[in-house]
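**Q** Residue-level listing of the chains:
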Amino acid sequence: MTEFLQDPFTWIGELLKTWLTGLGLASDFVTFLLQLLGALVLATVMLLLTFLLIWAERKIVARIQDRLGPNRVGPFGVFQTVADLLKLVTKELITPTGADLIPYNLAPLLAVMSVVGLWAVIPLAPTLLGAKINVGVLYIISIGAIGTLGIMLAGMSSNNKYALLGAFRTVALMISYAVPMVLALLVPVLLAGSMDMSTIVNAQSPLPFLLLAPVAALVFFISSLGEVGRAPFDLLEAESEIVAGFHIEYSGLKFGMFFVAEFLHAFTISALTATLFLGGWQGPWAAQYPFLGLIYFLIKTSIVYFVVIWIRGSFPRIRIDQMNSLNWKLITPVALLGLVATSVAEKLAVEFAWSRLLVHLAASALVVLVTLTALGIYARTTRKRSEQMPATGATSESLTSA
Amino acid sequence: MLEPWIFIALLLGAGMLLPGVAIAANWLLGPKKPNAIKESTYECGIETVGETYVQLKGSYYIYALIFVVFDIEAVFLFPWAVAYNELQLYMVLEGVLFIAILAAGLFYAWRKGVLEWV
Numbered sequence: 001m002t003e004f005l006q007d008p009f010t011w012i013g014e015l016l017k018t019w020l021t022g023l024g025l026a027s028d029f030v031t032f033l034l035q036l037l038g039a040l041v042l043a044t045v046m047l048l049l050t051f052l053l054i055w056a057e058r059k060i061v062a063r064i065q066d067r068l069g070p071n072r073v074g075p076f077g078v079f080q081t082v083a084d085l086l087k088l089v090t091k092e093l094i095t096p097t098g099a100d101l102i103p104y105n106l107a108p109l110l111a112v113m114s115v116v117g118l119w120a121v122i123p124l125a126p127t128l129l130g131a132k133i134n135v136g137v138l139y140i141i142s143i144g145a146i147g148t149l150g151i152m153l154a155g156m157s158s159n160n161k162y163a164l165l166g167a168f169r170t171v172a173l174m175i176s177y178a179v180p181m182v183l184a185l186l187v188p189v190l191l192a193g194s195m196d197m198s199t200i201v202n203a204q205s206p207l208p209f210l211l212l213a214p215v216a217a218l219v220f221f222i223s224s225l226g227e228v229g230r231a232p233f234d235l236l237e238a239e240s241e242i243v244a245g246f247h248i249e250y251s252g253l254k255f256g257m258f259f260v261a262e263f264l265h266a267f268t269i270s271a272l273t274a275t276l277f278l279g280g281w282q283g284p285w286a287a288q289y290p291f292l293g294l295i296y297f298l299i300k301t302s303i304v305y306f307v308v309i310w311i312r313g314s315f316p317r318i319r320i321d322q323m324n325s326l327n328w329k330l331i332t333p334v335a336l337l338g339l340v341a342t343s344v345a346e347k348l349a350v351e352f353a354w355s356r357l358l359v360h361l362a363a364s365a366l367v368v369l370v371t372l373t374a375l376g377i378y379a380r381t382t383r384k385r386s387e388q389m390p391a392t393g394a395t396s397e398s399l400t401s402a
Numbered sequence: 403m404l405e406p407w408i409f410i411a412l413l414l415g416a417g418m419l420l421p422g423v424a425i426a427a428n429w430l431l432g433p434k435k436p437n438a439i440k441e442s443t444y445e446c447g448i449e450t451v452g453e454t455y456v457q458l459k460g461s462y463y464i465y466a467l468i469f470v471v472f473d474i475e476a477v478f479l480f481p482w483a484v485a486y487n488e489l490q491l492y493m494v495l496e497g498v499l500f501i502a503i504l505a506a507g508l509f510y511a512w513r514k515g516v517l518e519w520v
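Note that the protein sequences, when read in sequence, are chains A and B.
Final position of the first sequence in this note's numbering is 402; the numbers increase by one with none missing.
Final position of the second sequence in this note's numbering is 520; the numbers increase by one with none missing.
A few of these clues could be false.
With a straight-line cut-off of 30 Å between C-alpha atoms, the simulated DSBU-like cross-links for lysine-lysine are [as the list claims (entries may be wrong)]:
id	chain 1	residue 1	chain 2	residue 2
1	B	Lys440	A	Lys17
2	A	Lys329	B	Lys440
3	B	Lys440	A	Lys384
4	A	Lys17	A	Lys161
5	B	Lys459	A	Lys87
6	A	Lys87	A	Lys132
7	A	Lys87	A	Lys59
Chain B stretches covered by chain A per the calculated footprint, using a threshold of three residues with CB under 8 Å from any CB of chain A [unchecked claim]:
id	segment
8	408-417
9	431-439
10	448-459
11	466-479
12	495-507
Negatives, chain A to chain B, calculated, CB over 10 Å [said to hold, decoys possible]:
id	residue
13	Leu110
14	Leu164
15	Arg230
16	Val370
Quick caveat, the hints were computed from the structure, so don't treat them as lab data.
Being a predicted model, the structure only gives us computed values, none of them experimental.
Every residue, glycine too, gets a C-beta built ideally from N, C-alpha and C.
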């Protein structure tokens, strides 16, 4: 029993393995069956988790906006999402005329698949990791892009101009924010010396990478919000401009699947931020008691997820020109600068045996200082320019932004 | 060696299967009464005019070109980052030089006014 309390995941796995081998199955087949079981359980848990996530998000956003939020179905309205699902299940699936049927029907499946697939490489606890592959970070980048591809396919195949505009914006968003995200992902890879996610978590044992590379953590967080298309970067489904964007022609659960994918993606980027920069399952006694590791991981992820919702409740949606300038003129240069600062600081710390934390903090402070100075100069020149020609500045910008 | 990839394949399969099942359930349970007006393109009650597949703005294309440069950069930088612990200081500085050349390219595009959304 103590073994179970210490490490329930390995215990259950061993139990099932002994039982299946006892039935007289070949050991390869037993491994395959266990993997199949693990994959099904992981995918189901993730999809069921969405119920809770949607409820939590609606509740928190409601509180930010001084409302009550869902409070009728079940305690604190917790079953509201289940009721929504039941309603969606009984709705008619409408396929618009002229839709490209294969991509149209494939798109919601791809959107969910990519999000669920990301969880294969996230270490949930010391002994609970779906797939330990040595290219984990590259896997995240590539599989994460499939979700955006699904959104793009939805927009392109719906035979609707609003959906097409949503798809254009998705492409712009994806290709813009992939760049700083990749640059920020290089920093944990560089500090851990490996692309394997569990190695990255192990390397954060004394100090989480948030303390060593706060700039990269912030850049990763913002750019993954953009990559996912979360508020304030949700202009691919801006209600006031393009109705519902890419999912305008979807009804019933096909629409529901995009909804699931979006909420789950937000939770997944929180989990990725927690894993890569906050130390994942690391915490006191987590190595001896893997179950505690899972709890630490969930706590860290929930904190980041709360910040994601908080941002959604606080920031207005940005325009597409603002989105592009924000990315290419601010976040990408800062990401490049942060990468250079971290790589040089780490080598210097090793070379001269300086305190690792202090060197990295000094490097980050330098990056922040340079960024703030550049922003200050930019703000001053812009102000000067708008003072010279007061009338044209604002109006011409708002006319060309569509 | 192959085991984790089998798991990933199974997980991706499950990720396709479960929403597929949900949509199939919806198809079974939901009403099926299609008509021409219901299936017409939704544009807030206004009839759609002309071709749906309009040309995309040129700005998107230019951003895509810059993106390609930086994405190829990532391909070169990931091996550099993985091998970081074995690198000498001057090798790290060579990587920094590589990044600086790319940053110069970004800065050039910026000065040329490519990054303005028009």
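**Q** Each hint: holds or not?
**A** How the hints compare with the structure:
Only pairs whose Cα atoms come within 30 Å are accepted, and Lys440/B paired with Lys17/A is rejected, the gap being roughly 53 Å. Of the pairs offered as hints, the one joining Lys329/A and Lys440/B is violated, with about 45 Å between alpha carbons and a cut-off of 30 Å exceeded. Proposed proximity of Lys440/B and Lys384/A is contradicted: the alpha carbons are some 54 Å apart, above 30 Å. With a CA separation close to 54 Å, the supplied pair Lys17/A and Lys161/A exceeds the 30 Å bound.
Between Lys459/B and Lys87/A the CA atoms are separated by roughly 39 Å; this puts the pair beyond 30 Å, and the hint is violated. For the given pair, Lys87/A sits about 39 Å from Lys132/A by alpha-carbon distance, which is inconsistent with the 30 Å threshold. Annotation: proposed proximity of Lys87/A to Lys59/A holds, straight-line Cα distance about 20 Å (limit 30 Å). Evaluation of the coverage hint for the segment 408-417 of chain B: fulfilled, as 9 residues show C-beta separations to chain A shorter than 8 Å, against a requirement of three.
Look at the segment 431-439 of chain B against chain A: 7 of its residues bring a Cβ nearer than 8 Å to a Cβ of that chain, three or more, so the hint holds. Under a criterion of three residues with beta carbons nearer than 8 Å to beta carbons of chain A, the stated coverage of the segment 448-459 of chain B is upheld, 6 such residues being counted. Counting residues of the segment 466-479 of chain B whose beta carbon lies closer than 8 Å to any beta carbon of chain A gives 7, which meets the minimum of three for the stated coverage. Look at the segment 495-507 of chain B against chain A: 7 of its residues bring a Cβ nearer than 8 Å to a Cβ of that chain, three or more, so the hint holds.
Under the 10 Å C-beta cut-off, the non-interface status given to Leu110/A relative to chain B is violated; the minimum distance is some 8 Å. Some Cβ of chain B comes within 10 Å of the Cβ of Leu164/A; the nearest lies about 6 Å off, and the non-interface call is violated. Every CB of chain B is more than 10 Å from the CB of Arg230/A (nearest about 20 Å), matching its label as outside the interface. The claim that Val370/A is not at the interface with chain B holds, since no C-beta of that chain comes within 10 Å of its own (minimum 13 Å).
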